[in-house]
Amino acid sequence: MTGRHGTPPDPGALAPPSDGGRNGTPTAKAPRTARPRTPGRGVPLLLLAPALLGLAFLLVPLLALLLRAPWRSLPEQLTSPEVWQALRLSLVCATAATALSLVIGVPLAWLLARTEFPGRGLVRALVTLPLVLPPVVGGVALLLALGRNGVVGQWLDAWFGITLPFTTAGVVLAETFVAMPFLVISVEGTLRAADPRYEEAAATLGASRFTAFRRVTLPLVAPGIAAGAVLAWARALGEFGATITFAGNFPGRTQTMPLAVYLALQNDPAAAIALSLVLLAVSVAVLAGLRDRWMRTV
Amino acid sequence: MPETTPEDLGKNPGKRSGPAPAPAAEGLDARLVVDRGAFRLDIALTAAPGDVVALLGPNGAGKTTALRALAGLAPLTAGHLRLDGAELRRTPPESRPVGVVFQDYLLFPHLTALDNVAFGPRCRGAGKAQARALAAEWLDRMGLAEHAGAKPRRLSGGQAQRVALARALATRPRLLLLDEPLAALDARTRLEVRAGLRRHLAAFEAVAVLVTHDPLDAMVLADRLIVVEQGRIVQEGTPSDIARHPRTEYVAQLVGLNLYRGRADGHTVRLDAGPAVSTTEDLSGPAFVAFPPGAVTLHRDRPTGSSARNVWRCEVAGLEPHGDQVRAELTGELPLTADLTAVAAAELDLHPGAPVWAAVKAAQTHAYPA
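Heads up: the protein sequence lines correspond to chains A and B, in order. So for the first sequence, the working numbering puts the first residue at 1; every next one is plus one. So for the second sequence, the working numbering puts the first residue at 1001; every next one is plus one.
Okay, chain A solo, but in the shape it has when bound (with noise of 0.2 Å):
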């Protein structure tokens, strides 16, 4: 800039100004628009339409959600108890989940991408398997595990007196079973990115491996646990599938927003309506909380 200034009056540093004064913008948008265009070459046809028929039929539903959304009743529905017992127990339960995703998550992702071990490839597909299987079927195979009379429900019946489905605290497993897989890989993915030789590095200096873990690897990693951590909430707070079948669907216990909208849409469509609202905006939310990271275009 100072170079700028300092050099005799060159056409291109006035340019910016007499354009901004011409077109009425703004001088600081000035080279976010100037975006060069090659001149007389269209987007094919082609390839136009079935561009905007996707983009529309990404949107349109999102839009007919906000046309026919009863906001005259909107705050009265909101403000009911259900509303409210649905939205509290569905955040508590997806940050929960999230929460245990973490606590055993990064480990494995450290253990993924930071050790060698045989069969390494196939533990790493077993992780990801949860993100293509049917949540209905890890519902069921939660209940065959930790069911009353699953493989490990049992035992766990016999000797503690614990029983997991149908509770608070089997939404939460049911929902950490689908998020979590999200966790571990954008933190297995964000530890491969980083240099391993900072570990080296605190090794070098004295730190065991677990030290240098705890006070490197995590800090410099960070930004990608703090984005899987996001990812895998907003995945638990819309899990429907393996909840309802893991957890069923008791309003007050195991009764989240999903399943709330779900019942509603059956008798109450308004209800259905303003609770599918309230899910939006959280994901809107979430989507702005993270624009820094996915939305910067390359």
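In case anyone wonders, no lab produced these hints; they're calculated from the structure. A quick note: this is a predicted structure, and the numbers were derived from the prediction, not measured. You may find that some hints are simply not true.
Stated by the list, open to error - Not the full set, but computed from the structure, chain B residues with beta-carbon under 7 Å of chain A: (1) Ala1071; (2) Leu1073; (3) Pro1093; (4) Glu1094; (5) Leu1106; (6) Phe1119; (7) Arg1124; (8) Trp1312; (9) Tyr1368.
Cβ coordinates follow ideal geometry from the N, Cα and C atoms, glycine included.
Assemble the complex: chain A is given as a structure, and chain B must be docked to it using the hints.
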């Protein structure tokens, strides 16, 4: 056969490290053998406290592998590693009294300069306040007191290098390792940092081993050079000794000499490459002959009646600027490098493929036993 070292080592009996000392001696006594697929590193290293040893060699020679083995970051396949009498071969890196300055420093980006330096003392058991006080002292000693609160990305290359040095020294290592300590710096900073580093290394009371491919860095910073090629030590000695008596093509190139191997008989050395070279030294048996590129004169016609007795028919293979001169790579009877002025190059009409006569006076050659 891995047994290459005794002979090479014997070539230059160091003043202090001398004949292999008893195991309980102070300093470093190591034989590093590391297998990496087809590559094998096998070098012996001894150094007394206060020594600064440079491992010098081309890329891929195994210098960094040696450094990593010393630090415990790469396991030894065989050999031993004793530091002040203690065997460290099976000691994990965090328990070795070894400090490392990495090539790109690897300062922890999320910590301030002060916390970077305090990291080591903290890991080695110092309390938080104590570690920070110690770190502040080190930064002060490096002239970086006012940058204590800066994150590494705010530091210049030279400052980052000094923080890295302070960080490594703050743990009071008995062995300091420096991997290409000046490679990440631009030419101007380099000069400055090199001088500073030299001061700190001279003041360092334990063993320092530095790895570099830059002969100037090695010669300025170290009091003993170990030249490593393809995982082996090819030459070892003081900087001036190595500069005067290179024993491999690589070393000769580093120090800017033409080097040939042959068999001496009186004042003549018959080279393995073919022609004979007249020298002033009187030798017999296997010998090296070396002469600087500046000693070579080039002629379009065979020089007659000159005092140059060494005349060879050559062909220009390549030309490139070298300082304010032109460096000519020649092939032919004797492949060699010659330096000449740009004017001379123009007058001789030098271009790749041009035939020339190269001459060197016997007085400007230097022969020594191989």
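Hint check results:
1. Ala1071: 5 Å, holds
2. Leu1073: 5 Å, holds
3. Pro1093: Pro1093(B) check passes; min Cβ-Cβ to chain A is 4 Å, inside 7 Å.
4. Glu1094: 5 Å, holds
5. Leu1106: 4 Å, holds
6. Phe1119: Holds, because the Cβ-Cβ distance from Phe1119(B) to chain A comes to roughly 5 Å (cut-off 7 Å).
7. Arg1124: 4 Å, holds
8. Trp1312: Status violated, d = 50 Å.
9. Tyr1368: 41 Å, violated
In terms of the numbered hints stated before, the structure departs from hints 8, 9, listed from lowest to highest.
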